[in-house]
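**Q** Here the structure of chain A is known, so what remains is to put chains B and C in place on it, guided by the hints.
Next come the chains, spelled out residue by residue.
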Amino acid sequence: MHHFDAISAQLAQVRAGHTLPRDLYVSDEAFRFDTQVMLKSVWLYACTVAHVKKPGDWYQFELGRNSVIIVRGRDGAVRAFHNTCTHRGAKICNQPTGSGGRLTCPYHFWSFGLDGKLLAARGMPDDFEKAQNGLRPVAIENLGGLLFVCLSDNPPPIDRARADISAQIALYDLDRMKVADQYDLVDQANWKLVMENNRECYHCESNHPELLNSLDGNGFGKGLPEDNRDGDATQGEAAIEAMRAHWRELGIYRDLVEFPDGWWHRVARINLAPGAVSQTMDGKPACKKLIWPHGDREETSLSVWTQPNSWHHFCCDHVVTFSVMPLAADKTLLRTSWLVHEDAVEGVDYDPAYLSSVWRATNEQDRLLAEYNHAGILSDGYRPGRYSNEEKLVEAFKTFYVDKALEALG
Amino acid sequence: MHHFDAISAQLAQVRAGHTLPRDLYVSDEAFRFDTQVMLKSVWLYACTVAHVKKPGDWYQFELGRNSVIIVRGRDGAVRAFHNTCTHRGAKICNQPTGSGGRLTCPYHFWSFGLDGKLLAARGMPDDFEKAQNGLRPVAIENLGGLLFVCLSDNPPPIDRARADISAQIALYDLDRMKVADQYDLVDQANWKLVMENNRECYHCESNHPELLNSLDGNGFGKGLPEDNRDGDATQGEAAIEAMRAHWRELGIYRDLVEFPDGWWHRVARINLAPGAVSQTMDGKPACKKLIWPHGDREETSLSVWTQPNSWHHFCCDHVVTFSVMPLAADKTLLRTSWLVHEDAVEGVDYDPAYLSSVWRATNEQDRLLAEYNHAGILSDGYRPGRYSNEEKLVEAFKTFYVDKALEALG
Amino acid sequence: MHHFDAISAQLAQVRAGHTLPRDLYVSDEAFRFDTQVMLKSVWLYACTVAHVKKPGDWYQFELGRNSVIIVRGRDGAVRAFHNTCTHRGAKICNQPTGSGGRLTCPYHFWSFGLDGKLLAARGMPDDFEKAQNGLRPVAIENLGGLLFVCLSDNPPPIDRARADISAQIALYDLDRMKVADQYDLVDQANWKLVMENNRECYHCESNHPELLNSLDGNGFGKGLPEDNRDGDATQGEAAIEAMRAHWRELGIYRDLVEFPDGWWHRVARINLAPGAVSQTMDGKPACKKLIWPHGDREETSLSVWTQPNSWHHFCCDHVVTFSVMPLAADKTLLRTSWLVHEDAVEGVDYDPAYLSSVWRATNEQDRLLAEYNHAGILSDGYRPGRYSNEEKLVEAFKTFYVDKALEALG
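Protein chains in written order, with this note's numbering: chain A, 36 to 445; chain B, 36 to 445; chain C, 36 to 445.
If you're looking for bench data, these hints aren't it; they were derived computationally from the structure.
Be a bit skeptical, because a hint or two may be false.
In this list, chains with the same sequence are indistinguishable; a pair is considered to hold if it fits within one copy or across any two.
What the hints assert, rightly or not - DSS-like cross-link-like pairs, simulated, lysine-lysine; straight-line CA separation at most 30 Å:
| no. | residue 1 | residue 2 |
| --- | --- | --- |
| 1 | K152 | K427 |
| 2 | K366 | K75 |
| 3 | K366 | K439 |
| 4 | K75 | K213 |
| 5 | K88 | K213 |
| 6 | K323 | K165 |
| 7 | K427 | K165 |
So here's chain A without its partners, still in its complex pose:
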C-alpha cells in the first residue's frame, strides 16, 4: 500500500528538545500514517467502564476510518468488535452509545450476540456458515476501570500500565460511578498539537483563569508534592513530610509514576490551591455524594496521563476524563466525560453545568491555542523550535510518538 517514505525522511530530522518538522504535524500523509499505522500499533484510551455500565450497553469508539463497538456482555465482561456487518459491511451501531440485547444491523437485520456471534441471517446460500461470520474482535483491556483498545493484531504489552494505574485509582472505584456529563469539542488542529498543549502548563498563566482557581501556583506538570521546593513559601520540608505521613495513614499509594522504563503512563498526585479540594470554580466539591473514601478535607487530586491520547483527573467528588482522536490532518476530536457516584442524583447532588464548567472553559481556551499553533506551523517560515524547561513532558510525548512511529515503520 503506502510506503510513507516522506514520513521516514521527516522522522530522521527530529531533534531532541525541539518540536517536530512541519510535515509531521500538518501533512495529509502524516495523518494517513498516524491513523493507519502508528496509532494502530499502540494502546488507545477509549472510555471508562461507567460508559458501558450494564449488560447490553455499547459505546462507539472511532479512530480515523475505523469504528469499534465496545459492549458489555450478559456475563458482565466488556468486549470490542469492528463495527461493520459481516454481510455487506454496513455500520451496525450508528449512534455514539446505545443499549440492547443484540447487535442488529439496520440494513438487512442480521443480528449478533453481545459476544459477537452471528445469531440470525435470513436466506443465505446453503454453504454459508454462521460460525464463520461473527463480528471481528478488537483487543481491549481494563485498567482499573479505564478501557484501552488496540487495533493491531499483535498488541504491545500492557501489564505494567495496568498494575500502576489500577493500584492508584482503585480507591475511586470506577465501577460504582456513572457518566454525569460528556461533550465533544473539535479542534482545527493536528491531534499531536492538541496533545502537546495538554502536556505543559507553560501556557496556563493568563490563558486559563478558571482552571488556575483550584490549582496551586504551579499548575500541572510542575509542582508535585514530591518536588515542591519552589512552591508556596509556607510549604517547606516539614509540611511535605506531614502530608506524606497523613497519606500513609489513609493507605494511599502516592508515588509519582513517570513513564517508567519506557512505559507510556504517568500518575501523579498534585496539590490544589489552599482551601481547594476539587477542580471546580470555587474549589469545593461539585457533587455532594463523594467518591473519595476519606472525605473532602484533602487538598490534592490524582491525575493520570497516558501516551498517546488521554488524561484523567480524580477528585474527591468526581472524575473527569479526556480522549483525543484525530479526524483529519487539521481536525481533532477532544471528548470530555465527567463521572460522579452512581447514587448521586442530578439536580440534587450535582448540577452537570457547574460540574463541567472549569474544563469546558479550559478546553475552549486550549482549542484556540492549538489552532493558532497549527496555523502557524503551516508557514514556510516555521522551523522546529526549542522546548522550554517547563515543557519536558511535551518532549516525552514527542519522543513516544517518534519511537512508536519508527518501530511501526520497522
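**A** Just chains B and C now, kept in the frame of chain A:
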C-alpha cells in the same frame, strides 16, 4: 495520466457472490477511475424526452467534472453537447434546465445554435473560423423516450436495449408526458452502494413501510408474475394463467427481460398489492388523467432497470424515473422525476406532494441505509461479504461494474 | 519534494493566443505549484502604506499556507516577517490587522519587537540564544505607497517597476491617505481566471452596468487617451492634443507604460465618461475632500495593473486597490480597499457604502463570470480557446505566468 494500478489489483481480488474489496467502494482513486474511465465507457441514463419537451428546452446532465447540455432543436431532434464555451471555456448553461432560441455564453456572449453551430463571436482575429468552433457533441440515444448519453468517442452498441425497452414502454408514450415533480437527494455514500441498495428488496421489510403499501408481499426483484410460487396463497397457477391471458388480450408485451446475452437492461412487470393499481400511499392513482390506455383496473406496474445508473417504474397514472450520479467517493446524487400526462392539470388532476410521497420517503430511508453501508465499509474490519439468495441482482450489478472496469482498463 | 512533472508537460502545450491547458487552471497540483513555487518567485502586491499607517500597525498578508506580518516600526519603516513564533510555531497575529507596541505570541507569551527581535522568552534552557530566535524576515518593497512582498530568498529586481509606478502615482500621496472601506470576496474559481477576467473589458458590456456608468465607451484596456481613434465621434485628434497640452501644464506624467522590456507593470490614464470625474455611480466624487491636487474637473483617472495579482484605480477623490490571492485550486480571495484623504471625515465627507458601491457590484458580477469559467474548464470537452482582439492583456498575463513558471521550474 493516471494508471490505476491499485484499481487493477483490487479488481483481481473480486470474488463471485461477494461484495467488492473495500477500496473499490471508498477510495478517491476508485472515484477518479469511475468518473474518468469506467462510467465514460458505457451508456448512462440522463433524463426523459419530457425533460426537454419543446424546441429550445435544455437539460444539464453532469458526470463528475463533466457537464453535458441536452437540448431539443428546432427540428425536434434531441442533441447533446459539452457545456463549455469554445472561446475561454466558460460553462454556458448554469441552471439545471432552461429554454431559449440559442445557447449563449454568459461571459462574452458568444452564441450557438440549438444544433451547436457557433453563430456569433465578436472581434476575433481574421483567421478565426467559426465553423471550427461549434460546441463539441456528445453521443445521445433515445430509448422509447428515455435518453442515454455516452461520453466515449466510441460508444458501445445500444440497439438491443433500445429494442427491448422501447417495445415494452411504448404503451405509456413518454412523448405525451410532462415532468410533474423532481427532486435531488445527496447520499453520503459511494454511487455503487446506492445502486446495490436499489438492486434488492432483502432490506425492504421494516425499512420501507410506504413502499410496501402498494407492492405485493415480495417487493421488487423477487416476486415476478412469471415465478410467483411463494407469493400470496390465493395466487396459484390458475390465477397466473388468467392474468397472462388478460394481458395477451390487451396486446401487452410482458415477458421478463433480464440482462439478455450480457446486455445491461432488465424489464419486468410486477404484481402490486391486492387492490392496488399504482405505487402510491393508498394504491390508487395519484393522477386522474391516466397514461395507461387500459384503465385503472390492472394490479401490475412495469419496471425498467439499467446498468449502471437508473431505474424507472411505469404505473397507470404516472411514471417515476431515477438517475444516480457520483459526486465524490462518498457522495452521490439521486435525482427522481415524476411524470404525468401532459394534459393533467396540477391541483386538479394531481397533487405533486402526494404523487411523490412514496418515493420521497423511500429514497430517504435508502439514503440512510447506503450511508450506514459506506461508513461501515471504511473499517479495517471490513471483508467482502456473501450476498444472500435474494441479492442476485446486486451480484448482476457488481459483475457489470467489474466487467466494464476490466474492459476499460484494457 | 514535489517535482511537478505534470506541470512541465502542460506548460509545454501552451499555445500563443490561446487559453491555458485545463489542468493548469483546475488541478490541485497546479495549485500547489502556484502557491509553493511560482508565486513565491515573484513580487506580490500586499497592501498600501495606508494599511499600516502608524508605528505598531500590522497587516496580515496570506499566500497559500504562508502568513506574513507587515508591520510599521517605531522608526516609521515598514518590515515583513513570517507570522510564526520561533518557539513552537504558533501564529502570532491572528486577526487581519492590529496594532501594538510588540508582537506577542498568544500561546506562551513570547514577545518580539516591531523589528522582529525576540525580547522575552521565559524559562528557556541556559544555552538558548535570544539573538538567534527573532522573527524570520520576508522581503518587502514600497512602490510609491504600494507594498509588495516576495517570499523567495532571492527576490527578482523591482527597480524599474518602482520608478515607473512611483513617478505616476506620487501626485496622489498615499502616505496621506487612510483606508475608508475594505471587503473580501471569495470566488469559487482559480486565481488565474480571476486575473484573466480583470485583464479585458470584452465581457463588460451587459455584464457591468454600474462600472460602465463612469467609464468612456471603451472600458478598461481598450480606449486609452493615446490611442482613442474609435472612441466618441466628438473626440478627434484636436481634442486629444488639447488634453495632452493641459496635462503638460499640470506637470502630469502620463505616458502609457505597458509591461516595458518584459517588466510586470502597466500604468495608464484612461478616459472617463463625458462629465464623469470619478469611478462612482454618478461620476461625481464620492469624497468631498479631494486627493488630486488639480481639482475635480479632469475627466480621466489613473490605473495601475501589476502581474500577477493586483490592480488599482486612482481618482480625484479616492483610490481603490485590489489584490488577488489563491486559497485553493478553485477558490480565490479578492480583497478590495478604498482609500480617501486622511483628513476626510466619515459621514461628513464620504459615505463608505456609496464610495464602494460600483466595485462591490462589479466584483460580484465578475465573481459569477469567473466561476462559470472555472466550472466549464473542468469539462473533458474543454480545449484551449482563442483570445479575441480585445483580450491582448489577458494574453500578456498568461504569458507572464507561463514564463515565470518555466523559470521557477529551472
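**Q** Between K366 and K439, at a C-alpha cutoff of 30 Å, which is it: within one copy, between copies, both, or neither?
**A** within (22 Å within a copy, 35 Å between copies)
**Q** One pair to classify: K323 and K165, alpha carbons no more than 30 Å apart. Within, between, both, or neither?
**A** So K323 and K165 fail the 30 Å test inside a copy (51 Å) and across (51 Å) alike.
**Q** My question is about K366 and K75: at a cut-off of 30 Å on alpha-carbon distance, are they close within one copy, between copies, both, or neither?
**A** both (18 Å within a copy, 27 Å between copies)
**Q** Is it within, between, both, or neither for K152 and K427, if the alpha carbons may be no more than 30 Å apart?
**A** between (47 Å within a copy, 26 Å between copies)
**Q** Could you figure out if K75 and K213 sit no more than 30 Å apart (CA to CA) within one copy, between two copies, both or neither?
**A** within (29 Å within a copy, 56 Å between copies)
**Q** Checking K427 and K165: alpha-carbon separation at most 30 Å within a copy, between copies, both or neither?
**A** between (53 Å within a copy, 20 Å between copies)
**Q** Pop the pair K88 and K213 into one bin, within, between, both or neither, using alpha-carbon distances up to 30 Å.
**A** within (8 Å within a copy, 58 Å between copies)
In summary, the structure is inconsistent with hint 6 from the numbered list given earlier, while agreeing with all the others.
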